[in-house]
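**Student:** So you can see what is in the structure, the chains are spelled out below.
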Amino acid sequence: MNELDRTIHEPARLRILMILSGVDLADFNFLLSALGLTSGNLSSHLDRLEKSGYIEIRKSFEGKTPKTECRLSSAGRDALADYWQTIDEIRSLPAMHEQKG
Amino acid sequence: MNHLDNVSHESLPSDKIRKIPNWTRSYAQNRTLPLLVLLAVYLLVCYGTGHFAQLTGEAYRAGQMLAFSLRLAALVICCGAIVALAVPKVTKRLQRRLMELCYGNEGKAMIVSSPSSPRWRWSVCFFFLLFAVGIPAQVLIGSRIAEAYQQPVSALYFVPFMVVLGLAMRPRVGLLNLIWPFLYGLHAVLILAGAPILFGGKWSDLNIGLPIFGYGVLSALIGHAYNRYSLWRLRRLGAAGSEKEAGRSSRQL
Chain W
3 MNELDRTIHE
13 PARLRILMIL
23 SGVDLADFNF
33 LLSALGLTSG
43 NLSSHLDRLE
53 KSGYIEIRKS
63 FEGKTPKTEC
73 RLSSAGRDAL
83 ADYWQTIDEI
93 RSLPAMHEQK
103 G
Chain X
2 MNHLDNVSHE
12 SLPSDKIRKI
22 PNWTRSYAQN
32 RTLPLLVLLA
42 VYLLVCYGTG
52 HFAQLTGEAY
62 RAGQMLAFSL
72 RLAALVICCG
82 AIVALAVPKV
92 TKRLQRRLME
102 LCYGNEGKAM
112 IVSSPSSPRW
122 RWSVCFFFLL
132 FAVGIPAQVL
142 IGSRIAEAYQ
152 QPVSALYFVP
162 FMVVLGLAMR
172 PRVGLLNLIW
182 PFLYGLHAVL
192 ILAGAPILFG
202 GKWSDLNIGL
212 PIFGYGVLSA
222 LIGHAYNRYS
232 LWRLRRLGAA
242 GSEKEAGRSS
252 RQL
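For the record, the sequence lines run as chains W and X. Going by the working numbering, the first residue of the first sequence is number 3, and it counts up by one from there. Going by the working numbering, the first residue of the second sequence is number 2, and it counts up by one from there.
By construction, these hints were calculated from the structure, which means they are not laboratory data. Mixed in with the good hints, there may be bad ones.
Below, computed lysine-lysine pairings styled on DSSO-like, alpha-carbon distance capped at 27 angstroms [stated by the list, open to error]: (1) X:K17 x X:K109; (2) X:K109 x W:K66; (3) W:K69 x X:K90; (4) X:K109 x X:K90; (5) X:K90 x W:K61; (6) W:K61 x X:K93; (7) X:K17 x W:K61; (8) X:K90 x W:K66; (9) W:K69 x X:K109; (10) W:K69 x W:K53; (11) X:K20 x X:K109; (12) X:K17 x W:K69; (13) X:K93 x X:K109; (14) W:K53 x X:K109; (15) W:K66 x X:K93.
Here chain X stands alone, though its shape is the one from the complex:
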């Protein structure tokens, strides 16, 4: 063991360094700002479609053709944006641009591999089908479902799909992404338990809209906060190496 004679225990790396991969992974998994922006865009486009559809109808009934034309044009733009956002290629490109914009200064750290076992793929396909059928089905038979049960019914297809998608995308995304479906499911349980969290009258649309976007934004914000914390921890551990190196160089001088 002669080669160990000149290795003092003080010169051995600290065990804290072993946490660097964990913090790097947490950082890469929780870059959620683009999701936040995309959610805002979806929200804006969905709201815009509904709003301009109503205004266009009003202008038509009032016989105001100029207002009708302008509002119709705005409605067409919103509908076009919905169609564009439904194309995966467009969303991916938008997400890449946003990622570059939000985190470009910090550089890129990515987990590209994803478990692609057939079991996961089939699970995602199955629950996506349930999700894709669930939305139009609820829109069609929505009037037959009592207002109080609208959100819990939507949770039946939203929560399983989001959970399976989040688990299937691991390790590319972290477990914090499951906060979104968890809170949405909890919201449904609270409604069924009789908690006073229902909107009535003209605000009844918020019963589904607010939990979907609200918990999505909350989940993305928590993810972003954890991403900042991970980077801070990583920089502290990383900078310790450069300080040590600087010290070693100055001793050599």
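So that you can see chain W by itself, here it is in the shape it has in the complex:
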């Protein structure tokens, strides 16, 4: 059984990855409005996910407005799939014990 990925296991980061897995790209404002986090909090989570290689962040300017667009990387997609597989395996453990008992 794989180790639980602690980067993904954090609730807000898990939700960020789940949102990004549903679309090709989402910007900072969308994540902010969907998750109800503060800007600073969301920034630090995105930073952590980018450093782990799970998301790709592209920063640009539209006029004078900064735009931050995020995409799930292929490593992030694989890590997310592994994470849910591990969760399913952990969930199935008590059932296995009961069957043994």
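Given the coordinates of chain W, work out where chain X should sit on it, guided by the hints.
**Tutor:** Chain X only, in chain W's frame:
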């Protein structure tokens, strides 16, 4: 399995979270307000062209040159708008502006990839050709087709084109977009079955105009309602994470 010793089942994420990608996708696929506005613009421009063409003719026949000039200018503006809206680049830019205006506050979530298999591309091209030939053909031979069959005949080229276009654009757009051609096709079937849904006399133009724009507006409204519902579900699932996080931080304190 020592690494699992400190993982309690209560701390595992809820299975509801697995639905987040679905709700995010539904939200992105059903941002239909710009379509609604564009339909209204098309409707206005088409109506304006017909209306001002009639008024211009009347003014000319009555010898009112000032009214004729003003109405002609309005007609030229409407025709110019039709030509401009037929340019994909202009429509795309307009759509982007409208998207920004309608959903700018919520941020951007997009599905940009689209299946580009040659089979789909050829299908869209074929049915677009059928659509593009069908409209002028019906205008030219329209007088030979009985009033009751005008809408069903138009459905022969409108429905297949819209269905193939909707399917080819997946996953960028959702299946709800198919409501439009489905209702238009159903309308044609009902007319052929003898349902009393035909306009007569000077309202006969509405036999095609009303189903096209009416079902388009209805489809866009349903899409928009589903988009709102998806965002609501997404926010509920998303906010649960930030509440949990807040709880965890307060416990740490």
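**Student:** State for each hint whether it applies.
**Tutor:** Going through the hints against the structure:
With a C-alpha separation of about 23 angstroms, the suggested pairing of X:K17 with X:K109 holds against the 27 angstroms cut-off. As the CA atoms of X:K109 and W:K66 are separated by approximately 18 angstroms, the hinted pair is consistent with the 27 angstroms bound. A distance of roughly 23 angstroms separates the Cα atoms of W:K69 and X:K90; the hinted pair therefore holds under the 27 angstroms criterion. Proximity of X:K109 to X:K90 is assessed by CA-CA distance (about 21 angstroms); at most 27 angstroms being required, the pair is judged to hold.
This hinted pair checks out: X:K90 and W:K61 have alpha carbons roughly 25 angstroms apart, not beyond 27 angstroms. Proposed proximity of W:K61 and X:K93 is supported: the alpha carbons are some 23 angstroms apart, at most 27 angstroms. Restraint check for X:K17 and W:K61: not satisfied, since their Cα atoms lie roughly 31 angstroms apart, outside the 27 angstroms limit. Of the pairs offered as hints, the one joining X:K90 and W:K66 holds, with about 24 angstroms between alpha carbons and a cut-off of 27 angstroms not exceeded.
With a C-alpha separation of about 10 angstroms, the suggested pair W:K69 and X:K109 falls inside the 27 angstroms cut-off, and the hint holds. Straight-line distance between C-alpha atoms of W:K69 and W:K53 comes to about 19 angstroms, which keeps the hinted pair within the 27 angstroms bound. Between the alpha carbons of X:K20 and X:K109 the distance comes to roughly 19 angstroms, so the proposed pair stays at or under 27 angstroms and holds. For the given pair, X:K17 sits about 30 angstroms from W:K69 by alpha-carbon distance, which is inconsistent with the 27 angstroms threshold.
With a C-alpha separation of about 16 angstroms, the suggested pairing of X:K93 with X:K109 holds against the 27 angstroms cut-off. With a C-alpha separation of about 23 angstroms, the suggested pair W:K53 and X:K109 falls inside the 27 angstroms cut-off, and the hint holds. With a C-alpha separation of about 23 angstroms, the suggested pairing of W:K66 with X:K93 holds against the 27 angstroms cut-off.
The structure shown violates the earlier hints numbered 7 and 12.
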